[in-house]
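Novice: Both chains are given apart, each in its own frame, so use the hints to dock them into the complex.
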Amino acid sequence: MEKKYKSSDYAHVLRLAVILVGAAVVGILARGMFLPDTMGQYGHYRGSDLVDQRNVEIRSHTNESCYECHRPIRLVHKAGVHKTVSCEFCHGPYADHVKDGKYVAKMPVTRGMEIKTLCLRCHNKIIRARPEESIKVVAMPQHLEEKKVNVEHNCNQCHMVHDPLLWIKAAYEMMGMEMKEEKK
Amino acid sequence: MIDIQKEIQKDRRAFIKNVLSGTIAGSLLMVIPAGAALDQSLPEQLPGVRGDDSPFLEKKFAFVVDVTACIGCGSCCVADKNEYNVPDGNYRTWVERYIIDDHDEVFVDSPNGGLDGYTEERTDIPYPVRDTFFVPKLCNMCEKPSCVQVCPVGATYKTEDGFILVDKNRCVGCGYCIQACPYSVRFLKSHK
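Residue numbers (our numbering), protein chains in the order written: chain A, 1 to 184; chain B, 1 to 192.
Misleading hints may appear alongside valid ones.
As the list claims (entries may be wrong) - Lysine to any residue pairs mimicking SDA-like chemistry, simulated, CA-CA at most 25 angstroms apart:
#	chain 1	residue 1	chain 2	residue 2
1	B	K189	A	K148
2	A	K106	A	V56
3	B	K81	A	H44
4	B	K168	A	Q53
5	B	K81	A	V51
6	B	K144	A	K148
7	B	K158	B	P47
8	A	K106	B	S75
9	B	K60	A	N55
10	A	K102	A	N63
11	B	K60	A	H61
12	A	K116	A	S86
13	A	K136	B	V64
14	B	K158	A	K83
15	B	K59	A	G43
16	B	K189	B	P145
17	A	K78	A	V51
18	A	K116	B	N82
19	A	K125	B	D104
20	A	K83	B	K189
21	B	K168	A	R121
22	B	K168	A	K136
23	A	K83	B	P43
24	B	K81	B	A62
25	A	K125	B	K158
26	B	K60	A	E64
27	A	K102	A	K136
28	A	K106	B	A79
29	B	K81	B	S146
30	B	K189	A	H44
31	A	K116	B	E120
32	B	K168	A	E64
33	B	K81	A	G43
34	B	K158	A	G40
35	A	K99	B	D52
These aren't lab readings, by the way, just hints derived from the structure by calculation.
Just chain B, same shape as in the assembly (with noise of 0.2 angstroms):
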């Protein structure tokens, strides 16, 4: 009993020493990583890509839109416009709004290409609505994809992944592909 109670005397220096140590490295440990390894820990969104450095990925990519379900909200447009920096008036991702009257007269309208949402109603239909719907119309990443085949000079490509590319620094701005877009996707941006 009493060897213990010396053990502790003799120790305490050595214990206070080691818990305050202690405590200054975890709250360190706590603290540093946080902001410098924020950049490596974001979150992998697709399984099993991350550092795969080869040209191609080894998993096959098909872009879906399901336009029965598409509320027009046009965040899709916000999008592409943030990320891929789409000049004003030219529009990669746009929206529609398709409505159909009961004398089956078609009336199509996209305000801004759907970037501000839809807020206002359609007042100029004549006759009662019959159908109304929402048209997405994106860079479909199509399988065989017509911008691709007409392309003269190879900027306009598909990986083997699956994926359209669009190499600025070969393209030489003939327009075929804006022609050629089923969709109404493709447009020429001027450098500027």
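Here chain A stands alone, though its shape is the one from the complex (with noise of 0.2 angstroms):
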């Protein structure tokens, strides 16, 4: 009788142990299956997705590419004041433009009254939030009055737009005159 009994208490224990055994035998198959190979090899992510964001094509580039076939052009805008500003920031991507080292379309060109609104986007003086250690800013129509131009024109009139100061220090140098330096 007492025999009995104890075997039949075993016999819960050695069900208990199977179920665990085949509950993690599943769990571990269902790891290997469902998880990503690559999971865990170098933290918690996929480590293959450091491949795929590798081959993620770059859209835009900097200056250094442009500048490449633009020759001309980068060494009016290096020397200028304008250095910083990225040439994307108004012409569009560079993957526009050039595919495998490939020119393939033309780049937007703002023309016309659009340079004003472009110029103003930065410089413009109604929007007080911008400090004057980042950038130089101006009042429109007051800039022209106070230049004493005609106030219908255009920004690219006297400012080259790459380098915004380089037709104004010239015109100082032939009259040979001193430019104000800028207040800090």
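Specialist: Here it is, written out as structure tokens:
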């Protein structure tokens, strides 16, 4: 009688052990099936995603890429106060223009009074949140009145857009005048 | 003297041949690589990175924003949209304009996330403006990124060299990162 009781005691332990081992095996198999192979290779993420990320096409480049072909503008742009402005901000992303080292499409060029809108996007004085250390702001049309020119004038009639002070400096030099130091 | 003259006469044909082939070869050299080698000859932006095929670069990268220098031009927003095809109405990069009047009331606006720049002055401020500034909100590639911490499937992760990346194939769209990000730069892009 005692023996029989004992065997049934062990039977339920055995059953539990079988269920646990079975669950563990199913769990390990499911993990192997559903987790990506490279998961956890470097951390809690898919290691092969690093390769995927590297293969994403780079659409925006830096000015250095543009200067590779546009040599004359490089000299002007790099020497001027606009040297920190990205070419692609005004002209659009590099990838729309060059693919696999070949020219594919024309870049947009801002013309006419749109130039004024583009300039004022950064240089507008009425947006007072602009720190003076970062940028020279102008009020329109007060700036034109102050410089004694026609208020209908466009920005690029006095300022070369790629180096805004190029012509201004040249004009001062020709007149033998000194440019006012910008107040800091 | 006569010998030299003779030599020249004899070699005239060879000389012309050499000059011609040299000129043609030279001009070809100038023409051919211009288009073909452009892609390889793109200037290196980070010295010593090109050709490094190891999963992580040896350099450590950090992202720094000088908020006091921001002019609110929105070129970061434009660049982000161009580069990553951010859908309209979602912003990974946006710029806010803060205006504080002399009654210490704060007015914040961000028309279209600053994507079109700030062209209009705010006219609805009742008292004189005490202070005004721009606050650019970009993915700051945080040192301890909260979006990585909350991601249950490892779709947002930090690489050993300091980049926070998003694995678009691993994401299940739970949206925890959107709630966790202190800069509100995470969003869900629907597949359509």
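Novice: Each hint needs a verdict: does it hold in this structure or not?
Specialist: So, going through the hints one by one against the coordinates:
no. : hint            : verdict
1   : B:K189 / A:K148 : violated, 52 angstroms
2   : A:K106 / A:V56  : holds, 23 angstroms
3   : B:K81 / A:H44   : violated, 28 angstroms
4   : B:K168 / A:Q53  : holds, 10 angstroms
5   : B:K81 / A:V51   : holds, 23 angstroms
6   : B:K144 / A:K148 : violated, 55 angstroms
7   : B:K158 / B:P47  : holds, 23 angstroms
8   : A:K106 / B:S75  : holds, 21 angstroms
9   : B:K60 / A:N55   : holds, 21 angstroms
10  : A:K102 / A:N63  : holds, 17 angstroms
11  : B:K60 / A:H61   : holds, 21 angstroms
12  : A:K116 / A:S86  : holds, 18 angstroms
13  : A:K136 / B:V64  : holds, 23 angstroms
14  : B:K158 / A:K83  : violated, 33 angstroms
15  : B:K59 / A:G43   : holds, 19 angstroms
16  : B:K189 / B:P145 : holds, 21 angstroms
17  : A:K78 / A:V51   : violated, 35 angstroms
18  : A:K116 / B:N82  : holds, 23 angstroms
19  : A:K125 / B:D104 : holds, 23 angstroms
20  : A:K83 / B:K189  : violated, 35 angstroms
21  : B:K168 / A:R121 : violated, 34 angstroms
22  : B:K168 / A:K136 : violated, 42 angstroms
23  : A:K83 / B:P43   : holds, 17 angstroms
24  : B:K81 / B:A62   : holds, 21 angstroms
25  : A:K125 / B:K158 : violated, 41 angstroms
26  : B:K60 / A:E64   : holds, 23 angstroms
27  : A:K102 / A:K136 : violated, 38 angstroms
28  : A:K106 / B:A79  : holds, 19 angstroms
29  : B:K81 / B:S146  : holds, 23 angstroms
30  : B:K189 / A:H44  : holds, 23 angstroms
31  : A:K116 / B:E120 : holds, 14 angstroms
32  : B:K168 / A:E64  : violated, 31 angstroms
33  : B:K81 / A:G43   : violated, 29 angstroms
34  : B:K158 / A:G40  : holds, 13 angstroms
35  : A:K99 / B:D52   : holds, 23 angstroms
Against the hints set out earlier in the document, violations occur for numbers 1, 3, 6, 14, 17, 20, 21, 22, 25, 27, 32, 33.
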